[in-house]
Every structure is written in C-alpha cells, then in structure tokens.
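Participant: Sequence:
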Amino acid sequence: MIEHKMYINGEYVTSNRNEWIEIENPATGERISKTPKGTEEDVNKAVEAARKAQHSWELTPNIERGKIVRRLGDEIEAKRDTFIDLLQEEQGKDYELASGEIDLAIDYFRYMSEWARRIEGEIVPSDRENENIFVYKKPIGVIGGIVPWNFPMFILARKVATALVTGCTIVLKPSQQTPNTAAEFTKIIDSMEDIPKGVYNFITGTGSELGNAIASHTDVDMVTMTGSIPAGTKVMEAAAQNITKVNLELGGKAPAIVTENADLDIATESIVTSRLANNGQACTNAERVYVHESKKDELVQRLKEAFESKKIGDPRKDKEADVGPLVSKDRLEEVEQMVSTAVGNGATVVTGGERADVDSGYFYKPTILTDVTHDMEIISDEIFGPVIPITTFQTLDEAIDKGNDTEYGLSSSVYTDDMNEAMRVVNELRFGETFVNRENFEAVQGYHAGMRKSGLGGADGKHGMEDFLVTQVVYMQYKNDKK
Numbered sequence: 251m252i253e254h255k256m257y258i259n260g261e262y263v264t265s266n267r268n269e270w271i272e273i274e275n276p277a278t279g280e281r282i283s284k285t286p287k288g289t290e291e292d293v294n295k296a297v298e299a300a301r302k303a304q305h306s307w308e309l310t311p312n313i314e315r316g317k318i319v320r321r322l323g324d325e326i327e328a329k330r331d332t333f334i335d336l337l338q339e340e341q342g343k344d345y346e347l348a349s350g351e352i353d354l355a356i357d358y359f360r361y362m363s364e365w366a367r368r369i370e371g372e373i374v375p376s377d378r379e380n381e382n383i384f385v386y387k388k389p390i391g392v393i394g395g396i397v398p399w400n401f402p403m404f405i406l407a408r409k410v411a412t413a414l415v416t417g418c419t420i421v422l423k424p425s426q427q428t429p430n431t432a433a434e435f436t437k438i439i440d441s442m443e444d445i446p447k448g449v450y451n452f453i454t455g456t457g458s459e460l461g462n463a464i465a466s467h468t469d470v471d472m473v474t475m476t477g478s479i480p481a482g483t484k485v486m487e488a489a490a491q492n493i494t495k496v497n498l499e500l501g502g503k504a505p506a507i508v509t510e511n512a513d514l515d516i517a518t519e520s521i522v523t524s525r526l527a528n529n530g531q532a533c534t535n536a537e538r539v540y541v542h543e544s545k546k547d548e549l550v551q552r553l554k555e556a557f558e559s560k561k562i563g564d565p566r567k568d569k570e571a572d573v574g575p576l577v578s579k580d581r582l583e584e585v586e587q588m589v590s591t592a593v594g595n596g597a598t599v600v601t602g603g604e605r606a607d608v609d610s611g612y613f614y615k616p617t618i619l620t621d622v623t624h625d626m627e628i629i630s631d632e633i634f635g636p637v638i639p640i641t642t643f644q645t646l647d648e649a650i651d652k653g654n655d656t657e658y659g660l661s662s663s664v665y666t667d668d669m670n671e672a673m674r675v676v677n678e679l680r681f682g683e684t685f686v687n688r689e690n691f692e693a694v695q696g697y698h699a700g701m702r703k704s705g706l707g708g709a710d711g712k713h714g715m716e717d718f719l720v721t722q723v724v725y726m727q728y729k730n731d732k733k
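All residue numbers for the sequence shown refer to our numbering, where the first residue is 251 and numbers rise by one.
Simulated from the structure, these hints should not be mistaken for lab results. Since the structure is predicted, the reported quantities are computational estimates derived from the model, not experimental observations. Treat each hint with caution, since some may be false.
30 Å max Cα-Cα, derived DSBU-like pairs, lysine-lysine [claimed, not checked]:
1) LYS703 - LYS447
2) LYS729 - LYS387
3) LYS579 - LYS567
4) LYS447 - LYS329
5) LYS284 - LYS567
6) LYS302 - LYS387
7) LYS317 - LYS495
8) LYS703 - LYS484
9) LYS255 - LYS561
10) LYS495 - LYS567
11) LYS302 - LYS287
12) LYS569 - LYS484
13) LYS388 - LYS712
14) LYS560 - LYS579
15) LYS437 - LYS302
16) LYS567 - LYS329
17) LYS567 - LYS255
18) LYS703 - LYS387
19) LYS287 - LYS255
20) LYS437 - LYS554
21) LYS554 - LYS579
22) LYS484 - LYS712
23) LYS284 - LYS387
24) LYS545 - LYS652
25) LYS302 - LYS447
26) LYS561 - LYS329
27) LYS284 - LYS579
28) LYS284 - LYS545
29) LYS729 - LYS712
30) LYS569 - LYS284
31) LYS302 - LYS495
32) LYS287 - LYS484
33) LYS284 - LYS388
34) LYS287 - LYS387
35) LYS387 - LYS495
36) LYS484 - LYS495
37) LYS569 - LYS579
38) LYS447 - LYS437
Please work from the sequences and hints to get the whole structure.
Facilitator: Written out as structure tokens, the structure reads:
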C-alpha cells in the first residue's frame, strides 16, 4: 500500500498524530493507499508557511508566475497516463472521462497562465484638481483550497492555477476519498525549484476537522470549497468568525426541459451524457427531466435504449466501460435508498433500479423513473448517482415554474428548436448556467457559478480569476508648479 505524506513549506512531513486514512478503489474495494489524518496543528503550520511566502510571491513579476503556471500544465501532460490511471483507480471514472479530466486540468493551467499579463486596474477621474485615482487589483493573499472527490484533478487545477497566477499562496486539502492525484501533482511542485517554499502546501485529513481549521484560521484570506450544501454551510460558519471571504460551489439539482419543439435526437444524447457523466456524480449533472406530455413516451423509450446500451465495468480493466462504480459504499446505499423511496411513493422503474451484477465494487445500474410527482424526494433532493426521474408538463410556464422550484441554482438545460421558447426559458430560469440543446458542461473561459444555495462566487474565465483579487484605491495628489 502506498503511503503518502503531507507537503508543508517545501518539505514532505507526517502529521503529529500517528493516524492514517486508507483509500480504496471503488471498483474493487481494494485498499490502495493511505494518507496522514492531519490535525489543526498541521493546518497551522501550512498556513504559516503560506503566509510567510505570500508577499515575495506577490512581488514576483506576473509574467514569471504565468510561466510557472504554464509549466505545471506541461508537467502534468508529461505524466498524463499516470494521472489517468490514478484518477480511474481512486475515483472510478471511465477512461474517456478520466482522460478528459486530465486534459482539462492541463488546459486549465495553460489557460490561466495567460491571465498573468491581463490582471488590470483602472485610472478614474477625480473631483479634485491635481489628483488621480488609481484602482489596483492585488492578490487576496492566502487561499484555503478544499477539493471534492468527484473531479479531484480538474478542481485542483481550478484552485491552484488561479491562486498562483494571481499572486496568492495556497493550502490545498483534497478529499479524503481521492487524494492520490493531488499527491502525484505535489511531486511536480516539489521538483520545480522556481516555486518558492510555502507557495503551495498539501495537507490531508477529514473534511470536518481540517475544513473547519482552514476556514476559521485568522491568516487565511479566502476559502474556496467545492462540495455539498451542508459542508459549505459549515465553512461559512467557520469563516464568519474572521469575516473571511468564501468562494463556494455547492450542490445542484439541474432541470432539463424538453419542449414539444425539441429535436429528440439532440435531447436524448445530451441528457444521457448529462446524467451519466462521472456515473451521475457531478453537481452539474441533469438531475430531473420535464418533458412536454406529447413527447414523453418517445423520449422515455429513446432514453431507455440508450441507458441499457451502456456497458458497466471496472474502467481500469475495460476501456470500453461506459459506467463505473459510485465512489463509496455509502454513496451506493444512498442512491438505493432514494430509488426505493421513490418506488414506494408510486414511481415506476423503466430500467435499472438495482445494483449492477458485478463481482465487487459499488456499481448501480443506469436508472430511469417515471410516474414521479414534483413533491417527491427524488425530484427535490440531489441524487448524485446514475438515476434520472422524468415527469411531464403541459405549458412552458409550468415547466419553468417547476424548474425554478428548488433550493439549488447551479445548472439547467432546455431542448427546443423554437428560439422564442429557448429565450423565454433562458431569461426566466434562475440558475447560474443554462445549456441550450447541448450537454451540461462548462468551458474554462466561461464562468461557473450558482444561485441560491448552490454557492457564492464562481470559477473560470476572467470573473473566476477576479475572485482571487482584492481592490485597493489610491488617491494620488500632486503639486502643480504652474500655479
């Protein structure tokens, strides 16, 4: 079993607590590695190192930071196959999605490196004579980065690349379930002599203990966390003690609206991709379908055929496998419970509805439910598994109202060939993202952010980068010798 260490102030260290967290392969149940179960003292050491390194890192010319961030992407590319294998092993992704995630992480470092020369302030007119008003954009400081288990490498890139290019330092905590890709990335950091000690720190442990210690620390300037609403609430509560800024991407319950004018070829392909990507374990996954009653039977049949055509298996052993395991036994049992409750309340299983017949691991069959009502748990609560409930609507008003009737507000989609319908839905849905006639997945140059309980702030593009900056205004008076 591989034994990882933490990385603080440029050195590999173990925790002062001699306890470990074992990591398992969700496709086999095999124990594959272990990481230190870090403590608040470990957090304090990492934050102290990040604080000491931050000022000199901020003063490093932007272009030099950009070159370093781009090289990180190049180094990931050089170890691409290693990262793909580690990601599949610890998280259970199929090969296409795992390779896509690693390529996206590479692209993210390269994309964000280009912002090094584009961090700009402003000069605005003063109301006084002989005065200029300068608006500076500066790094916010020390970042606490908390990464989830479902996209451990891509979201690492989101947090690390943005922090480093803006002149921030970072204390990174991966999920206790998927730390192996982050540990491999840390080897790259350690090998690069042009990254000063303390700029990047890597700590491991439970989210409840380390997450609270990071969020409540007086020397952390922003906490950026991707995870569940309950976890985000705890981070906000801890950060509130010091009025620390939070950047949160939380859960989602994305509606997919299929109108009577939809192209069902496009709708079917996009909904299948949007539901089954990452085995249904993504905040942006399509979580509920509202289809016009005239299209319901045909759409359900098409989705049924598509779901049943998917190959289930261990993605490391079979590159053709479309659906891998859920990340843990707990996640599998939660999905089972939600489906069972829905069926008990009157839902009909069109296909799936049970564990997959696989020798080991946490596999669940792609599942379609009909005869669901809007008040069911399966419609209101995030499933985070390969299950899609489908219900009908008669008018577009009804579909929009039901789509908006949720505490979440991350992603949404609409399928229609009628531009008037599309524009109505786009303008009236209250979600941070709306995808029209395509699958649910964002672009690095866009902006990924939620409304309501789906989060605060965002990531990607110019606006995501600016979340890592603070504004300083300077009122500069000067003497005018001509007077």
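Participant: Now look at each hint and say whether the structure bears it out.
Facilitator: Verification of the supplied hints:
1. LYS703 - LYS447: Judged against 30 Å, a Cα distance of about 37 Å means the pair is violated.
2. LYS729 - LYS387: holds, 26 Å
3. LYS579 - LYS567: Distance ~20 Å between LYS579 and LYS567 Cα, so the pair holds.
4. LYS447 - LYS329: With Cα atoms ~23 Å apart, LYS447 and LYS329 stay inside 30 Å; holds.
5. LYS284 - LYS567: holds, 23 Å
6. LYS302 - LYS387: Holds - the C-alpha atoms of LYS387 and LYS302 are around 21 Å apart, at most 30 Å.
7. LYS317 - LYS495: holds, 28 Å
8. LYS703 - LYS484: holds, 13 Å
9. LYS255 - LYS561: violated, 37 Å
10. LYS495 - LYS567: violated, 43 Å
11. LYS302 - LYS287: Given pair LYS302, LYS287 holds - Cα atoms ~25 Å apart, limit 30 Å.
12. LYS569 - LYS484: It is violated: about 39 Å lies between the C-alpha atoms, which goes past 30 Å.
13. LYS388 - LYS712: holds, 14 Å
14. LYS560 - LYS579: Holds, at roughly 22 Å.
15. LYS437 - LYS302: Holds, because 22 Å separates the two Cα atoms, which is no more than 30 Å.
16. LYS567 - LYS329: Cα-Cα ~20 Å, so holds.
17. LYS567 - LYS255: Holds, at roughly 28 Å.
18. LYS703 - LYS387: Holds. LYS703 to LYS387 sits at ~28 Å (cutoff 30 Å).
19. LYS287 - LYS255: holds, 10 Å
20. LYS437 - LYS554: At roughly 44 Å apart (the allowed maximum being 30 Å), LYS554 and LYS437 break the hint.
21. LYS554 - LYS579: Judged against 30 Å, a Cα distance of about 26 Å means the pair holds.
22. LYS484 - LYS712: Given that 30 Å is the threshold and the Cα spacing comes to 28 Å, the pair holds.
23. LYS284 - LYS387: violated, 41 Å
24. LYS545 - LYS652: Judged against 30 Å, a Cα distance of about 18 Å means the pair holds.
25. LYS302 - LYS447: Judged against 30 Å, a Cα distance of about 9 Å means the pair holds.
26. LYS561 - LYS329: It holds: about 28 Å lies between the C-alpha atoms, which stays within 30 Å.
27. LYS284 - LYS579: Satisfied, since the Cα-Cα distance of roughly 18 Å is no more than 30 Å.
28. LYS284 - LYS545: Not OK: LYS284 and LYS545 at ~50 Å, beyond 30 Å, violated.
29. LYS729 - LYS712: With a Cα-Cα distance of about 37 Å, the restraint between LYS729 and LYS712 is violated, given a limit of 30 Å.
30. LYS569 - LYS284: holds, 26 Å
31. LYS302 - LYS495: Holds, at about 20 Å.
32. LYS287 - LYS484: holds, 20 Å
33. LYS284 - LYS388: Measuring from Cα to Cα gives roughly 38 Å; hence the hint is violated.
34. LYS287 - LYS387: violated, 37 Å
35. LYS387 - LYS495: Within the cut-off at roughly 16 Å; holds.
36. LYS484 - LYS495: holds, 14 Å
37. LYS569 - LYS579: holds, 23 Å
38. LYS447 - LYS437: Measuring from Cα to Cα gives roughly 13 Å; hence the hint holds.
The earlier numbered hints that this structure contradicts are 1, 9, 10, 12, 20, 23, 28, 29, 33 and 34.
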